[in-house]
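K.L.:
For the protein sequence lines, the chains are Y and S, in the order given. Following the working numbering, the numbering of the first sequence begins with 77 at its first residue and continues without gaps. Following the working numbering, the numbering of the second sequence begins with -13 at its first residue and continues without gaps.
In case anyone wonders, no lab produced these hints; they're calculated from the structure. Each residue gets a CB set at the ideal place from its N, CA and C atoms; glycine is no exception. A couple of the hints might just be wrong.
[Said to hold, decoys possible] From the structure, some residues in chain Y lie toward chain S, with a derived Cβ separation under 8 angstroms:
| hint | residue |
| --- | --- |
| 1 | THR225 |
| 2 | GLN365 |
| 3 | GLN374 |
| 4 | GLY381 |
| 5 | VAL383 |
| 6 | GLU387 |
| 7 | GLN425 |
[What the hints assert, rightly or not] Partial list, computed: chain S residues near chain Y (C-beta under 7 angstroms):
| hint | residue |
| --- | --- |
| 8 | ASN50 |
| 9 | ALA51 |
| 10 | CYS52 |
| 11 | ARG53 |
| 12 | THR64 |
| 13 | LEU65 |
| 14 | LEU92 |
| 15 | GLY145 |
| 16 | GLY148 |
| 17 | ALA152 |
| 18 | GLN187 |
| 19 | HIS188 |
| 20 | VAL256 |
| 21 | PRO258 |
Here's the letter readout for the chains.
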Amino acid sequence: MLREVTDSGLVGRGGAAFPTGRKWAAVAAQAGRPKYVVCNADESEPGTFKDRVLMEEDPFALIEAMTIAGTTVGAELGFLYLRGEYPLARARLTAALAEARARGLLGDDVMGKGARFDIELRLGAGAYICGEETALFASIEGFRGEPRTKPPFPVEAGLFGRPTVVNNVETLVNVLGIVADGAAAYRALGTAGSPGTRLFCVSGNVARPGLYELPFGVTLRALLDLAGADDPAAVLLGGAAGTFVGAADLELPLTFEDTRAAGATLGSGVVLVLDRTVALGPVLARIAQFFRDESCGQCVPCRVGTVRQEELITRLARGAPRGAVADERALLAELGQCMRDASICGLGQTASSAIESAVARLKVFADEVTP
Amino acid sequence: MIRLPIYPAAPPRRPTDGPVRDVALTIDGAAVQVPEGATLLDACAAAGIEVPTLCFAANLTPVNACRICVVELEGARTLVPSCSRKVEAGMVVRTDSPRVRTARKLVLELLGSSVDLSAAPNVARWIERYDAHPARFGPAAAPAAAGARDAAAPGHHHGGDGATAATVAQPAKVDNDLFVRDYGKCILCYKCVEACGDDAQHTYAIAVAGRGFDARISTELATPLPDSACVFCGNCVNACPTGALVFTREFELRRDGQWDEARQQETTTVCPYCGVGCAITLRTQDNQVVRVTSPLDSSVTSGNLCVKGRFGWQYVGDRPPPETK
Chain Y
77 MLREVTDSGL VGRGGAAFPT GRKWAAVAAQ AGRPKYVVCN ADESEPGTFK DRVLMEEDPF
137 ALIEAMTIAG TTVGAELGFL YLRGEYPLAR ARLTAALAEA RARGLLGDDV MGKGARFDIE
197 LRLGAGAYIC GEETALFASI EGFRGEPRTK PPFPVEAGLF GRPTVVNNVE TLVNVLGIVA
257 DGAAAYRALG TAGSPGTRLF CVSGNVARPG LYELPFGVTL RALLDLAGAD DPAAVLLGGA
317 AGTFVGAADL ELPLTFEDTR AAGATLGSGV VLVLDRTVAL GPVLARIAQF FRDESCGQCV
377 PCRVGTVRQE ELITRLARGA PRGAVADERA LLAELGQCMR DASICGLGQT ASSAIESAVA
437 RLKVFADEVT P
Chain S
-13 MIRLPIYPAA PPRRPTDGPV RDVALTIDGA AVQVPEGATL LDACAAAGIE VPTLCFAANL
47 TPVNACRICV VELEGARTLV PSCSRKVEAG MVVRTDSPRV RTARKLVLEL LGSSVDLSAA
107 PNVARWIERY DAHPARFGPA AAPAAAGARD AAAPGHHHGG DGATAATVAQ PAKVDNDLFV
167 RDYGKCILCY KCVEACGDDA QHTYAIAVAG RGFDARISTE LATPLPDSAC VFCGNCVNAC
227 PTGALVFTRE FELRRDGQWD EARQQETTTV CPYCGVGCAI TLRTQDNQVV RVTSPLDSSV
287 TSGNLCVKGR FGWQYVGDRP PPETK
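In isolation and in its complexed conformation, chain Y is listed as follows (with noise of 0.2 angstroms):
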């Protein structure tokens, strides 16, 4: 299985693309007991909503993945953190837990073969700063979510301070193809340095708004065109923590390996469709209210950073900038250099990202005009 999972070049699809097989590897390695699996169903990247489809049309695939995992790594109990505001995907995951354990899947001798595994479903509250893996934990042990500092990472001191594998519903859902179908299958469709399928979350200014799964290496504009594009003048990959691209990117092929060459991100896999009719200053300024909101409030860079962040960003939306607008773009910079450098977690490192992009490359507050 481990060296399945790892031939595949399966990488994790909530966000930071890391390897599947490196994780589950050190975790089977670890010698202590007990071991933990933990399926990261807190979706909560603005424009994300594959996990949610997932759950909801087929519960079951979750559930042999997360029990395929455990009896890998050697963990004998998951816990599914599911975002609290997904009732339909509470109530089947609810009903397809008590059915598998009804039938053997789960529970003391899972399918007869000896081993034991269950799963613990454990509801979120509404806080995005719980979808970053160790705030997660936080949650799950019952304390204040905030994300705690690695080293020492998941793998060694994870849920309850034991070694854990924590997977997105998205990656963990892939294992299965390749478990029935073999790594090499798995590698036939994407592209060397990101095989197998995306999901891609559609919305924005589109005809048909929806999850698309593609193979990787299909370009931007072949998935704008099959959503119904007409006038993609700003597309936001990856959501809230993304970046922002434009017309002139619509070639860039959807693979990790390129959008990060390109200065970009797949992250969760949300392609946001904005056309030309919308102002980019408001919806810049909704990005830096929404981090100023969900910043858990530990650490000084994304605390205060983000409140600045929006300060300034509205400042510059209603064309009201404290002295010059390149002043305020230096200092925008200088912000978010210190936010991605300077905070504990995930969410501060990417505050500014979405919105550095859009001033860098979509030239959003690039004159003295309000936008």
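With chain Y held as given, fit chain S onto it using these hints.
P.N.:
Coordinates of chain S only, in the frame set by chain Y:
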């Protein structure tokens, strides 16, 4: 300062479960050797490099929340907090690179523009050293009314028009005779929470409430301290690096402009209340006790005291009125 030789100051002892190896690393181009288990902050100190810290205290678990101690570690994507990051062989660290200077400058500016740092030692010097200008985020917004910050709900802020810089300014909480909570000076370093909880007192009377910029130190349901689980040990006051938690007498003297460190002295002695023998340091002004601490390196207290040793000194100043002499 009078300092009686009661407890020899010894460095904190390491667990002796085997030989301790030295770890070699490079800091600012110089080779440094420190025992394994040391932090980058320890290593910088060994190399004679001053690293600013706010949320770090030798007797508390590092929470690395203030981020002013960050250093650049070769191979790491982000800067790393030196107060909590353990040394590893071969690390190459820079403590004064442009990235480090920018991060520290911004941390000082972000704090300086949102919190009253006037009572925080060293900060003025660091602001000069890193050329920080807190005022460039604009004029300070109006202070919050009493209790307004305690009522803030997560995810529901009113951002305003961006013309002013939001602050944590608010009236000081005076709800008991022993110490004042002046949260307009709070940088949310978590030290008081740790001292109240796992690291010293295990009372858990205070914790962080709220989220983001509305996060604040609070008792349960924001009740006044006398109605809370607080046992008034004052270990939180001892831990506070910015004067947000302050002895009532010190608060009054500072408020009235009477606080004068030139007229003060410190006397280390032993608490006479019980047989434990806690080392205490009495800070006096005009022969009146204005603050009581305990040396962090005292083997008896590790800097912690109880309500009697911390606050029970009014009788020292109770002298007969002059006319009865």
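K.L.:
Give a verdict on every hint.
P.N.:
Taking the hints in turn, this is what the structure says about them:
no.: 1; hint: THR225; in the structure: 6 angstroms, holds
no.: 2; hint: GLN365; in the structure: 6 angstroms, holds
no.: 3; hint: GLN374; in the structure: 5 angstroms, holds
no.: 4; hint: GLY381; in the structure: 6 angstroms, holds
no.: 5; hint: VAL383; in the structure: 5 angstroms, holds
no.: 6; hint: GLU387; in the structure: 4 angstroms, holds
no.: 7; hint: GLN425; in the structure: 6 angstroms, holds
no.: 8; hint: ASN50; in the structure: 6 angstroms, holds
no.: 9; hint: ALA51; in the structure: 5 angstroms, holds
no.: 10; hint: CYS52; in the structure: 5 angstroms, holds
no.: 11; hint: ARG53; in the structure: 4 angstroms, holds
no.: 12; hint: THR64; in the structure: 5 angstroms, holds
no.: 13; hint: LEU65; in the structure: 5 angstroms, holds
no.: 14; hint: LEU92; in the structure: 4 angstroms, holds
no.: 15; hint: GLY145; in the structure: 5 angstroms, holds
no.: 16; hint: GLY148; in the structure: 3 angstroms, holds
no.: 17; hint: ALA152; in the structure: 5 angstroms, holds
no.: 18; hint: GLN187; in the structure: 18 angstroms, violated
no.: 19; hint: HIS188; in the structure: 16 angstroms, violated
no.: 20; hint: VAL256; in the structure: 38 angstroms, violated
no.: 21; hint: PRO258; in the structure: 40 angstroms, violated
Figure legend: structure checked against the earlier numbered hints; hints not met, in rising order: 18, 19, 20 and 21.
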